[in-house]
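Line order of the protein sequences matches chains A and B. Mapping to the working numbering: the first sequence position 139 is 139, numbers consecutive. Mapping to the working numbering: the second sequence position 39 is 1039, numbers consecutive.
Hints may be right or wrong, so weigh each one.
To be verified - Far from chain A, some chain B residues (derived; all Cβ distances over 10 Å):
id, residue
1, 1296
2, 1379
3, 1522
As the list claims (entries may be wrong) - Calculated lysine to any residue pairs in the SDA-like style (CA-CA distance at most 25 Å, straight line):
id, chain 1, residue 1, chain 2, residue 2
4, A, 64, B, 1520
5, A, 432, A, 415
6, B, 1138, A, 341
7, A, 280, B, 1139
8, B, 1507, B, 1279
9, A, 45, B, 1139
10, B, 1138, A, 427
11, B, 1432, B, 1279
Please keep in mind that the hints were generated in silico from the structure rather than gathered at the bench. Quantities reported herein were computed from a predicted structural model and do not represent experimental measurements. We treat Cβ as the ideally placed atom computed from N, Cα and C, and that holds for glycine.
What follows is each chain in one-letter form.
There are 2 protein chains.
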Amino acid sequence: MISGQSFIGNSASAQGPITFHTFNPKTNTENPWLFHEANDEEIEKAVQLAREAFQVFQNIPGKKKALFLRTIADEMEGLGDDLIQVYMTESGLPEGRAKGERGRTMGQLRMFADLVEQGDWVEASIDTAIPDRSPIPKVDIRKMLHPLGPIVVFGSSNFPFAYSTAGGDTASALAAGCPVIVKSHPMHAGTGELVATAILKAAKDTGMPNGVFSNLNSNSYHVGKALVQHPGVKGVGFTGSIAGGTALFKMAAEREEPIPVFAEMGSVNPVVALPSALEKNGDHWAEQLANSITLGVGQFCTCPGLILGLKSPSLEAFAQALGKLLGEKEPGVMLHPNIYQNFKKGKEKLSAQTGTSVVADITEDVPPNVAQQRLLMVDGDTFLANPTLHQEVFGPFSIIVQADDAAELETIVHELEGQLTGTILGEEKELKDYSGVVESLKDRVGRLIFNGVPTGVEVCPSMVHGGPFPASTDSRFTAVGIHAIKRWVRPVAYQSWPDTELPDALKNGNPLGISRLLNGDSSDKSI
Amino acid sequence: MISGQSFIGNSASAQGPITFHTFNPKTNTENPWLFHEANDEEIEKAVQLAREAFQVFQNIPGKKKALFLRTIADEMEGLGDDLIQVYMTESGLPEGRAKGERGRTMGQLRMFADLVEQGDWVEASIDTAIPDRSPIPKVDIRKMLHPLGPIVVFGSSNFPFAYSTAGGDTASALAAGCPVIVKSHPMHAGTGELVATAILKAAKDTGMPNGVFSNLNSNSYHVGKALVQHPGVKGVGFTGSIAGGTALFKMAAEREEPIPVFAEMGSVNPVVALPSALEKNGDHWAEQLANSITLGVGQFCTCPGLILGLKSPSLEAFAQALGKLLGEKEPGVMLHPNIYQNFKKGKEKLSAQTGTSVVADITEDVPPNVAQQRLLMVDGDTFLANPTLHQEVFGPFSIIVQADDAAELETIVHELEGQLTGTILGEEKELKDYSGVVESLKDRVGRLIFNGVPTGVEVCPSMVHGGPFPASTDSRFTAVGIHAIKRWVRPVAYQSWPDTELPDALKNGNPLGISRLLNGDSSDKSI
Chain A
1 MISGQSFIGN SASAQGPITF HTFNPKTNTE NPWLFHEAND EEIEKAVQLA
51 REAFQVFQNI PGKKKALFLR TIADEMEGLG DDLIQVYMTE SGLPEGRAKG
101 ERGRTMGQLR MFADLVEQGD WVEASIDTAI PDRSPIPKVD IRKMLHPLGP
151 IVVFGSSNFP FAYSTAGGDT ASALAAGCPV IVKSHPMHAG TGELVATAIL
201 KAAKDTGMPN GVFSNLNSNS YHVGKALVQH PGVKGVGFTG SIAGGTALFK
251 MAAEREEPIP VFAEMGSVNP VVALPSALEK NGDHWAEQLA NSITLGVGQF
301 CTCPGLILGL KSPSLEAFAQ ALGKLLGEKE PGVMLHPNIY QNFKKGKEKL
351 SAQTGTSVVA DITEDVPPNV AQQRLLMVDG DTFLANPTLH QEVFGPFSII
401 VQADDAAELE TIVHELEGQL TGTILGEEKE LKDYSGVVES LKDRVGRLIF
451 NGVPTGVEVC PSMVHGGPFP ASTDSRFTAV GIHAIKRWVR PVAYQSWPDT
501 ELPDALKNGN PLGISRLLNG DSSDKSI
Chain B
1001 MISGQSFIGN SASAQGPITF HTFNPKTNTE NPWLFHEAND EEIEKAVQLA
1051 REAFQVFQNI PGKKKALFLR TIADEMEGLG DDLIQVYMTE SGLPEGRAKG
1101 ERGRTMGQLR MFADLVEQGD WVEASIDTAI PDRSPIPKVD IRKMLHPLGP
1151 IVVFGSSNFP FAYSTAGGDT ASALAAGCPV IVKSHPMHAG TGELVATAIL
1201 KAAKDTGMPN GVFSNLNSNS YHVGKALVQH PGVKGVGFTG SIAGGTALFK
1251 MAAEREEPIP VFAEMGSVNP VVALPSALEK NGDHWAEQLA NSITLGVGQF
1301 CTCPGLILGL KSPSLEAFAQ ALGKLLGEKE PGVMLHPNIY QNFKKGKEKL
1351 SAQTGTSVVA DITEDVPPNV AQQRLLMVDG DTFLANPTLH QEVFGPFSII
1401 VQADDAAELE TIVHELEGQL TGTILGEEKE LKDYSGVVES LKDRVGRLIF
1451 NGVPTGVEVC PSMVHGGPFP ASTDSRFTAV GIHAIKRWVR PVAYQSWPDT
1501 ELPDALKNGN PLGISRLLNG DSSDKSI
């Protein structure tokens, strides 16, 4: 059922000579399917089709785009257990996770369907003419958001559904009216192919133009590079490593016509445990954090990889409790041998730094690709002096930093790189007592959490998944939630444009019944 | 009254050894004031002060920021005729323009004051908790826009008030809660110094922190480069040349922490004259365009430098009429000898291209720095084959392109670089007849105009001043209108944060009375 071919619009294609397999990390064996890496001709054709499709797709009404997105969700569900099995085979993730993530992915598609069907999201704004204004007449100007053009989406390793082929980047770009070319993730190319068939079937069934979606297989840098540098591509969505995202970002900035790249990259997600949390609820937070660190074998962007506290007996007791719980957790299999090797290397590199001590470790033998979680501890001074200790280790790994006092704690937070999340554990009054720490943390993150854990990214309008570099390449946008659509649009103004020729969102009669800014005030009235 | 010093926060400073004068293009002589270029120590101090000021300024309530912005406008007006005289001396622009532009600048400051006083602009969004949701509880998440940090603003040559020291970039960044460091434009450093005193007096009188504003003199690339590369700077606003803006954009992308650069750069602002416009209203449009091309001696970003039509007797007649009117216009003095020299070089370069013919020219002698307007004509084929002809010549210059047919017209529009504006002259039904041309134009511009001229940028919520590269470096934002504030902010989410510690915009009681997204729906209610 898996062909190993790319989809150039509606056509399956496998012209290139380079081939690869995906891998089952659980059985430590290659999967049977042979994938063909897209060649230059296929890349070119996918972009040309996307360009042509854009001419039609950008003008398709919200209701029809909504039907397309909902049909993708339905078709994805229609792939049933076959899809779930391939997902598990290519990721080592359990069935519950596969089904949960499929549900989330379908939920995202339907959320964007609701958004574009309702229509307010285009931020329509109308300033009517004042012909007799002195000294010069005021002209009629109206604006709304328009799609940028073809978008390239790089699937992520850790979300084969929710941030890959039909994931949040694809759903938001299609919702905006942008054709999407997916650079399929080589670790789950089979899952990607199946999801791509669902998208293409939905596109055909709902009358979308050929080229609105393509799925290119690739196990090298070449395909991604060629896509990001192609003049026909107008934006990029990426979820992955700091090195990968930064390289694409710089490549896009060096183009003759630079284009926006939204890369959601690394984060250690600092958790600041204030004294009361450790003194009164140390065991509770140890349990919560042990679960959060090992959730999905630590393979979440929001895994808490850094815990900051004040040097004290209660911090020591908390560390021991957290270590004990981590040691008791069943080690899990990682997504891929490469990810497992990187985890092992990163863990050992940080453990080898002077001044670190191991609080908890798994030393017994484990099957191949199974991650042995580890917890380190280090003094604040040592941490501050050694940037290597600030690096993310992707997997079930965390460091506890013992700061000497509140001033050092604030300095540590201040010195951190940009993060997706920052968490404070404590009592309400401590937010005031440690306001310097809290303010510094706010400056470094996209999402602040009080008395919770950073894993578990709620998909809702108020979510921010992004943050100061290197958490993401543009902190002004989020990758999760309805506002993720804003990455793929630009405002276009129409001056003195005839009513009949305006897009529906800007017509006098307000045929879409949307909320608009009318001479500066919100209104859903016609003019 | 002009000291030639920079302002590092509230302190005047002139430590650097490099000095320069501004120039009066009308009298063709140097102005008397001696300006000191800021040195590295002064740059460092300005950024450090801005960083410190940000800690306070970002939390100052909207009402207080509004008072600050309005007081800047008042103080600027309070500088009275002295300011107008210095503006005229440094730009060669007439008194009416000086006063009009001052009024626009004050209007912009007050517009942003109204915006932040009202408060809706922070896009507050609240998703309340559902503790008993299955399978996992929903947490309380709220988000709003927060300022990025210190912003560097590069003053423009052609708007000494409206897009310089206290111009749109500065006003929008201060409104957002970002301290501003202005790299003063060397052509009008005296005007800049006076306006800076108005900003600093307003800052002191309204209790803003020292460092919320600095004004650095500079006549070289060094100061701008040092500012854009400084880790304490979090964003850049620029109005000027494609070469300058692109260089800053790439410099910012190469930083260890890349930062956003919004550069509003070049544009030839194509005007498509459809047959009926030429046949029925040729003389009217010739007059309108002659005025638009020479307005402000052609020194507007939106000057129509390219007119496209179908080869026909009516296009020929229109060209002759426009040429005649341009020839009768009194040539005007340009902003600076350098700008005049660039105009002359650009005009001659394009005129020397094979296949161009001169329709109108001023050949009689003119005083120094006075621009002799010129109109060229060229065939569509020649234009398509020669990218040099697509370049902007900053000043009173335009080219008429005669396309063979509608298909060639569409190809020409399709091949254009990104533009601030695109204009269609014609009848309503022609928008349908030439829908390919119109769609191609929409794809290339930030603002579409029907039966008007591109000059005259209305400052209102629906304005888009920006466009696909190289019109600007990020087409997703506008430099004019209230939404210009969005360039300097990022969303921050608060998860399970105690109500008392939330920013006012997100508190249950909605103490600011603003409109918020409450569980997905607009509401100004408390919770």
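Hint check results:
1. The Cβ of residue 1296 of chain B sits about 14 Å from the closest Cβ of chain A, beyond the 10 Å cut-off, so the non-interface label holds.
2. Remark: the non-interface label on residue 1379 of chain B is consistent with the geometry, its nearest Cβ contact in chain A lying 26 Å away (cut-off 10 Å).
3. A Cβ of chain A approaches the Cβ of residue 1522 of chain B within 10 Å, the least distance being about 7 Å, so the stated non-interface status is violated.
4. With a CA separation close to 22 Å, the supplied pair residue 64 of chain A and residue 1520 of chain B stays within the 25 Å bound.
5. Distance restraint check for residue 432 of chain A and residue 415 of chain A: the Cα-Cα separation of roughly 21 Å lies within the 25 Å cut-off, and the hinted pair is therefore satisfied.
6. A C-alpha spacing of about 35 Å is found between residue 1138 of chain B and residue 341 of chain A, which places the hinted pair above 25 Å, so the restraint is violated.
7. For a cut-off of 25 Å, the pair hint linking residue 280 of chain A to residue 1139 of chain B stands: about 23 Å separates their Cα positions.
8. Restraint check for residue 1507 of chain B and residue 1279 of chain B: not satisfied, since their Cα atoms lie roughly 62 Å apart, outside the 25 Å limit.
9. Using a Cα cut-off of 25 Å, the hinted pair residue 45 of chain A and residue 1139 of chain B is violated, with the two alpha carbons roughly 45 Å apart.
10. Our distance criterion of 25 Å between C-alpha atoms is met by residue 1138 of chain B and residue 427 of chain A, whose separation comes to about 21 Å.
11. In summary, the hint linking residue 1432 of chain B to residue 1279 of chain B is supported, as the alpha carbons are separated by about 18 Å, within the 25 Å threshold.
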